[in-house]
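2 protein chains.
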Amino acid sequence: MIGVYDSGYGGLSVLRQLRAVLPRHDFIYLGDSGRAPYGGRNSDTILDFSEQCVERLFEEGCRLVVVACHTVSCVALRHLQRRYVPNAEAPRRILGVTIPAAEAAVAQSTGHIGVIGTTRTIGSTTFSLEIAKLGPHRVTGHAAPLLAPIVEEGWADTDIARLAVQRYVDRFEDIDVLVLACTHYPLLLPAFQKAVGPGVQVLDPSPHVARRLVDWLTRHPGFTEPGQGKLSLLCTGDPEQFRIHGEKFLGGELPRVQHIAEEQGRLAHRDRMQVVIGQVVR
Amino acid sequence: MIGVYDSGYGGLSVLRQLRAVLPRHDFIYLGDSGRAPYGGRNSDTILDFSEQCVERLFEEGCRLVVVACHTVSCVALRHLQRRYVPNAEAPRRILGVTIPAAEAAVAQSTGHIGVIGTTRTIGSTTFSLEIAKLGPHRVTGHAAPLLAPIVEEGWADTDIARLAVQRYVDRFEDIDVLVLACTHYPLLLPAFQKAVGPGVQVLDPSPHVARRLVDWLTRHPGFTEPGQGKLSLLCTGDPEQFRIHGEKFLGGELPRVQHIAEEQGRLAHRDRMQVVIGQVVR
Numbered sequence: 000m001i002g003v004y005d006s007g008y009g010g011l012s013v014l015r016q017l018r019a020v021l022p023r024h025d026f027i028y029l030g031d032s033g034r035a036p037y038g039g040r041n042s043d044t045i046l047d048f049s050e051q052c053v054e055r056l057f058e059e060g061c062r063l064v065v066v067a068c069h070t071v072s073c074v075a076l077r078h079l080q081r082r083y084v085p086n087a088e089a090p091r092r093i094l095g096v097t098i099p100a101a102e103a104a105v106a107q108s109t110g111h112i113g114v115i116g117t118t119r120t121i122g123s124t125t126f127s128l129e130i131a132k133l134g135p136h137r138v139t140g141h142a143a144p145l146l147a148p149i150v151e152e153g154w155a156d157t158d159i160a161r162l163a164v165q166r167y168v169d170r171f172e173d174i175d176v177l178v179l180a181c182t183h184y185p186l187l188l189p190a191f192q193k194a195v196g197p198g199v200q201v202l203d204p205s206p207h208v209a210r211r212l213v214d215w216l217t218r219h220p221g222f223t224e225p226g227q228g229k230l231s232l233l234c235t236g237d238p239e240q241f242r243i244h245g246e247k248f249l250g251g252e253l254p255r256v257q258h259i260a261e262e263q264g265r266l267a268h269r270d271r272m273q274v275v276i277g278q279v280v281r
Numbered sequence: 000m001i002g003v004y005d006s007g008y009g010g011l012s013v014l015r016q017l018r019a020v021l022p023r024h025d026f027i028y029l030g031d032s033g034r035a036p037y038g039g040r041n042s043d044t045i046l047d048f049s050e051q052c053v054e055r056l057f058e059e060g061c062r063l064v065v066v067a068c069h070t071v072s073c074v075a076l077r078h079l080q081r082r083y084v085p086n087a088e089a090p091r092r093i094l095g096v097t098i099p100a101a102e103a104a105v106a107q108s109t110g111h112i113g114v115i116g117t118t119r120t121i122g123s124t125t126f127s128l129e130i131a132k133l134g135p136h137r138v139t140g141h142a143a144p145l146l147a148p149i150v151e152e153g154w155a156d157t158d159i160a161r162l163a164v165q166r167y168v169d170r171f172e173d174i175d176v177l178v179l180a181c182t183h184y185p186l187l188l189p190a191f192q193k194a195v196g197p198g199v200q201v202l203d204p205s206p207h208v209a210r211r212l213v214d215w216l217t218r219h220p221g222f223t224e225p226g227q228g229k230l231s232l233l234c235t236g237d238p239e240q241f242r243i244h245g246e247k248f249l250g251g252e253l254p255r256v257q258h259i260a261e262e263q264g265r266l267a268h269r270d271r272m273q274v275v276i277g278q279v280v281r
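Respectively, the protein sequence lines represent chains W and Y.
Under numbering that gives the first Met the number 0, the first residue of the first sequence is numbered 0, with each subsequent residue one higher.
Under numbering that gives the first Met the number 0, the first residue of the second sequence is numbered 0, with each subsequent residue one higher.
No lab work stands behind these hints: they were computed from the structure.
Do not rely on the hints blindly, as some may be mistaken.
To be verified - Beyond 12 Å from chain W on every Cβ pair, some chain Y residues (computed):
1. 62
2. 87
3. 125
4. 163
5. 211
6. 242
7. 243
8. 255
9. 280
Claimed, not checked - Output of the computed footprint for chain W on chain Y, the stretches with three or more beta carbons under 8 Å from beta carbons of chain W:
10. 5-18
11. 65-79
Heads up, the beta-carbon is just placed ideally off N, CA and C, and yes, glycines get one too.
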């Protein structure tokens with residue numbers, strides 16, 4: 000069973016690609032939708048949340064976790080790997096999305112790569128650092144803090160989305176590839192393609208992430224075995240909202256979503272979502 | 000000295016009104032901008048953050064704290080009051096914005112009040128509960144999760160903001176007053192006024208909050224004394240960003256902003272903002 004961790008719904012667009020190339024594998028997806036968005040949060044908070052989520056997936060029996068969220072991959076992946084994968088003999092592994100995305104960008108660009116993502120993804124400069132290891136390409140990053148909320152609101156196919164995408168895209172000059180470094184952005188692909196115009200390729204990294212995972216599994220047998228193509232879903236927010244929003248990202252109906260919530264520093268299962276009305280007193 | 004606490008910049012629009020009616024009082028404003036927005040967060044997190052912020056203002060010497068944030072006022076005010084103001088002899092007090100806003104709405108409405116705010120503010124139904132204590136008015140609330148981020152992005156005066164406001168306002172039917180139950184929304188006032196059309200009053204509660212505070216101070220002498228009209232600012236996010244964004248809300252230049260950050264469950268002063276580049280390892 001492969002664990003897939005994201006800050007919310009967006010990573011389901013990555014999971015979709017992973018299931019397409021590994022149809023017989025079982026997946027368990029954990030979306031931290033109750034605490035999303037991560038993009039504007041401070042680093043310590045992102046480290047705390049990501050530890051809780053990865054530990055939950057390990058407890059579910061995963062030996063391999065894919066961090067589908069670009070913010071977590073850019074900020075916290077090395078921390079998670081140092082903490083949970085101390086050496087080459089460690090029984091568990093954690094993979095991210097930044098390096099596959101950087102590799103795909105370098106393969107497609109002849110000079111100047113644009114990267115668009117959350118404030119924290121862009122502020123980390125991790126994409127620039129990873130691309131610099133692969134080639135002499137110039138990299139320009141711009142944060143687009145409104146785009147994930149617009150997609151979460153279900154407004155991807157509105158003039159609001161198109162105007163916002165255009166406004167952010169206009170900040171880039173002379174790029175030939177634009178990396179969508181947030182798992183929400185594939186839902187804005189038509190808006191991006193229109194906004195960049197001809198001559199610029201809009202790159203959704205998730206198919207590349209999926210291909211690199213297949214390579215990795217070939218080179219690292221034993222971390223997961225094909226199963227029955229089952230999918231389990233956990234989320235920290237409202238499971239019903241998760242199910243409704245999630246369909247757009249996964250491209251099909253979702254199975255039952257199990258609610259989990261923070262309890263003394265870990266993510267515990269809950270029988271049902273606690274809906275708080277009025278003032279909360281504890 | 001009066002403490003004013005908000006999740007970010009927005010409460011500066013309330014502070015502006017407070018300083019207008021109490022020009023000789025000293026104020027200290029704490030904006031939790033590093034952890035904003037609160038609106039989509041779970042209740043436990045909001046309680047934790049609000050405790051830290053209120054405690055920080057008490058440590059600064061405030062005996063009176065005004066919670067300027069509607070999300071915190073709707074969700075956590077009773078909790079804060081029970082924790083820090085256990086009885087009528089307690090040396091400190093905490094006031095919110097919900098009741099003054101509800102009173103102003105009831106005074107202006109002849110029947111059906113609309114309330115627009117964050118997901119958590121609307122989900123709490125606290126406005127309905129408070130309005131029900133004051134009169135037989137019907138109340139309809141709708142969450143507008145994109146509006147605060149649009150204002151924070153500096154896009155209040157764009158077509159994106161106008162289209163989003165229109166889309167949210169269209170969800171209300173037959174209201175005669177629309178309460179702007181988020182401190183960011185006064186910056187969208189022209190868009191709201193245009194969107195509601197004639198016959199609906201758009202209500203910014205902050206002048207009413209200021210007037211009710213003056214009444215309260217008359218009835219409760221000793222919690223604060225007039226000073227020299229000084230203003231101090233603390234924030235958990237980037238102080239320079241806070242200064243730039245804050246000017247729009249305060250309506251004038253901000254004094255130096257001091258950075259504070261979470262450290263072992265409390266908000267400690269920091270000499271300078273820690274900017275993290277690349278992967279974070281701890």
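Evaluation of the provided hints:
no., hint, verdict
1, 62, "holds, 23 Å"
2, 87, "holds, 18 Å"
3, 125, "violated, 6 Å"
4, 163, "violated, 5 Å"
5, 211, "holds, 19 Å"
6, 242, "holds, 17 Å"
7, 243, "holds, 15 Å"
8, 255, "holds, 21 Å"
9, 280, "violated, 5 Å"
10, 5-18, "violated (count 0)"
11, 65-79, "holds (count 6)"
The structure shown violates the earlier hints numbered 3, 4, 9, 10.
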